[in-house]
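J.: Here is how the chains run, residue by residue.
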Amino acid sequence: MPGIFVFSEDLALAGQLLTPGLALAQALAQPLVALATGQAEAETLAGLGADRALVLKAERSAPEALAPAIAELLAREGASVVLVGGTLRGKHLAAHVAAALNAGLTTDAKSLVIVDGQLATQRILYAGLAVCDEVVALPAVATIPQRTFLAPAAAARPGTVETLEVVADTRITVQSVTPVESEGVDISAAIKLVAVGRGFAKKEDLSLARDLAGGLKAELACTRGIAEDEHWLPIERYIGISGQTVKPELYLAVGLSGQVQHMVGCRESKVIVAINKDEQAPIFEAADYGIVGDLYQVLPLLTAALQN
Amino acid sequence: MPKILVCYKWVLNEQDIKIRPEDLSLDTGRAKGKISDFDRNAIEEATLIVEQQGGTVDALSYGTPAVKQSIKDVLSRGPNRLLWVGDPKAEDADALVIAKVLAAAIRKSGPYDLILCGEGSSDMFYQQIPARLAALLELPCLTFVSKMTLEGGTLMAQRKPGDCTEQVSVTGPAVVSVLSEINKPRIPSLKQVLGAAKKPSEEIALDSLGLAAGELTPKAVRKAPKGFLMNRKNVVFKESDAAVNVAKLVASLKAEGLH
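As given, the protein sequences belong to chains A and B, one line each in that order.
Letter by letter, the first sequence follows residues 1 to 308 of this note's numbering.
Letter by letter, the second sequence follows residues 1 to 259 of this note's numbering.
These are calculated hints, taken from the structure and not from any lab test.
Just so we're clear, the structure is a prediction, and the values are computed from it rather than from any experiment.
Don't be surprised by glycine CBs; every beta carbon is placed ideally from N, CA and C.
Be careful, since some hints might not be right.
[Stated by the list, open to error] Chain A is faced by these chain B residues, among others (derived, beta-carbon under 10 Å):
| # | residue |
| --- | --- |
| 1 | Leu96 |
| 2 | Ile129 |
| 3 | Val168 |
| 4 | Pro188 |
| 5 | Leu190 |
| 6 | Val193 |
| 7 | Ala213 |
| 8 | Leu216 |
| 9 | Met230 |
[As the list claims (entries may be wrong)] Sample of chain A residues lacking proximity to chain B, with all beta carbon distances greater than 10 Å (derived):
| # | residue |
| --- | --- |
| 10 | Ile114 |
| 11 | Val174 |
| 12 | Lys192 |
| 13 | Leu233 |
| 14 | Ile291 |
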């Protein structure tokens, strides 16, 4: 039967998807159905407002492996809107599902409403330089990033939970899985961040930024280059279009030029401060306060001044 | 020896796009084209494979007629041959349409042992083409690959799908999307640039692909993009004495209640 379907392998994100899901279900007068890979997850989602929660039982639970089975289920049920948590695995699943349903797909939708029987979404373009409205004919698919919505409050009456046997795609052999070594730091929760870029000549010099962060009680963040090319800081500290998105009270950017791909991850910060020796660097346009100067000279002075 | 296809998109360089302050519309008049950043990694990876073990690399792109400007650039980066579909309809195409056009072109020029794509394009960043292509072509899809080796007909790959690192393998043709960390795209040498002029480049007419009009109609329609306005105070301290600048910044942070 037609409905609004939500899926994310990340339970917190799946809960967040229910918020736009409930609004769309109301707008289209259709039920809200949550897909999950475990009984406990399905019960949680049924308790948060999903009319039905389906537990998909399969040989594998990775979203990529479930994509063909989920696409088949959605085609059979006649899904009108499919909301998928915008993790990398979720994006893979969503694109497969959209192809199978011959549907349009908005990547990283920031807002979703029904207008004239179509799904009107908003998303970014050109790495965040611009935003645009995207209107998708039904059936429509959208991926939604983490923390775009808050999860709804508990429903007055929980929905039903059903179990469904499905066949996973096993064409790819998974030989081993190594969890990412995490320091357990949630950068997105930090109130203050000191972000470093290629203005630092070598890894040891990051101690200047660490000292400053210590004085400010801030966490350290970085650009893609510092995390992925130099490997000076873990990937989880990298801010930008394919990294973390943060909204701290203070974002102090040191030795980074402020490319749009980076700024899209931090531009909702309350106050942005830039320290850069190049007065023409785009970071100054994106900053509230800036110092034009050599970070090797400015940082020790700033750290000392903040201690007084 | 493997027959590889690499897909790429010719995009506007976002660094050249200006926002008109009066209505936030985008001024792309001075924007130059470029091969989408992540697609350069896909081209490099395909080229590295055939440099090591032989085989051929075809490059494929669907875009507006401007895609023709990419011929020399893409061929100087390694591919043996270019196939391109240039049509004004591409301006409004969504990922659904782009994937259908690419899949149709691949059916025509293939089969291939391996189809490589970047993680996402630097303009739209749909991140949909690899999985859509694989679904349309009924091939397995390995997304977000950070390392790969091709041995015989078996592809061994390391994936980084966010929460972990996976070692995976697949035998037979597959679609792969690569992360930028997989390699460092070369800066073509003069010899490679000159050599590119001698490589074959073949235009494929959109209407020769057997796609019905409905299949070329986007299901996701983009409305006029608006520039994201940076509304910041832009107070810059640039005295020659760094200590003066630091004192002013500290005073500002205090005024903001941040220290």
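J.: Does each hint fit the structure? Answer for all of them.
T.: The hints, checked one at a time:
1. Leu96: For Leu96 (chain B), the interface hint holds, since the closest Cβ of chain A sits about 6 Å away, which is under 10 Å.
2. Ile129: Holds, because the Cβ-Cβ distance from Ile129 (chain B) to chain A comes to roughly 8 Å (cut-off 10 Å).
3. Val168: holds, 5 Å
4. Pro188: The hint is violated - Pro188 (chain B) has no Cβ within 10 Å of chain A, the shortest such distance being about 20 Å.
5. Leu190: Violated. Min distance 26 Å.
6. Val193: violated, 25 Å
7. Ala213: violated, 15 Å
8. Leu216: Since chain A brings no Cβ nearer than about 13 Å to Leu216 (chain B), farther than 10 Å, the hint is violated.
9. Met230: Cβ of Met230 (chain B) sits 5 Å from chain A, so the hint holds.
10. Ile114: Per Cβ check, Ile114 (chain A) is outside 10 Å of chain B; nearest 15 Å; holds.
11. Val174: Nearest chain B Cβ is 5 Å from Val174 (chain A), so the label is violated.
12. Lys192: Lys192 (chain A) not clear of chain B: closest Cβ-Cβ about 7 Å, inside 10 Å.
13. Leu233: The claim stands: Leu233 (chain A) keeps its Cβ more than 10 Å from every Cβ of chain B (closest is about 14 Å).
14. Ile291: Incorrect as stated: the minimum Cβ-Cβ distance to chain B is 4 Å, not above 10 Å.
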